[in-house]
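Could you put the whole structure together from the sequences, leaning on the hints where they help?
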Amino acid sequence: MDFFKTIDKIRAAFGNISAMERTHVDTFTENLIANIKGEMIAASNFGQCFVAFQNLADYEFLNVEILSGTNIKTYNGCLLCFSCNGKDIDIASDTQEITSDYSNVSNRWLTKISFIVTPDEKQMILQKNFETLHLQYKSKALPLKTK
12 MDFFKTIDKI RAAFGNISAM ERTHVDTFTE NLIANIKGEM IAASNFGQCF
62 VAFQNLADYE FLNVEILSGT NIKTYNGCLL CFSCNGKDID IASDTQEITS
112 DYSNVSNRWL TKISFIVTPD EKQMILQKNF ETLHLQYKSK ALPLKTK
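Okay, so the sequence shown: first residue is 12 according to this note's numbering, each after it adds one.
Only true hints are included.
Below 27 Å or equal to it, Euclidean Cα-Cα: the simulated DSS-like pairs (lysine-lysine) are:
1. Lys-84 <-> Lys-123
2. Lys-84 <-> Lys-149
3. Lys-123 <-> Lys-48
4. Lys-98 <-> Lys-151
If you are wondering where the hints come from, they were derived from the structure by calculation, not from laboratory data.
In this text the structure is predicted, and so the values were computed from the model without any measurement.
Quick look at the structure:
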């Protein structure tokens, strides 16, 4: 196994693009993952959801960071769907273009999304008055449960 790594390093030194990609270590994204701000409100086998609130110009923003094994990429925004007691609350993203950052060190994707929330929605999230959480984008969904 070390023999193949050595060959990749030599090929990368001579400019082979695919060898460069295999030997590259992504420390930037790994530092972002290590320094996630906010509180984890939901998790599952599919990923983890961290949230932090920010007040800008009398608007309350919910900054969500999703750490998962799924690459989330869309140009049409997404929905954050909270379910509690048979009632669903959907919050549309303020960000329309959403892309994930990949870390080949931990083999995970980090996705940052912002939402505008009302004071009632903020209280529901802070008090964790929901059972499940789904991030819906395109025709896919990332299911999470309260932590």
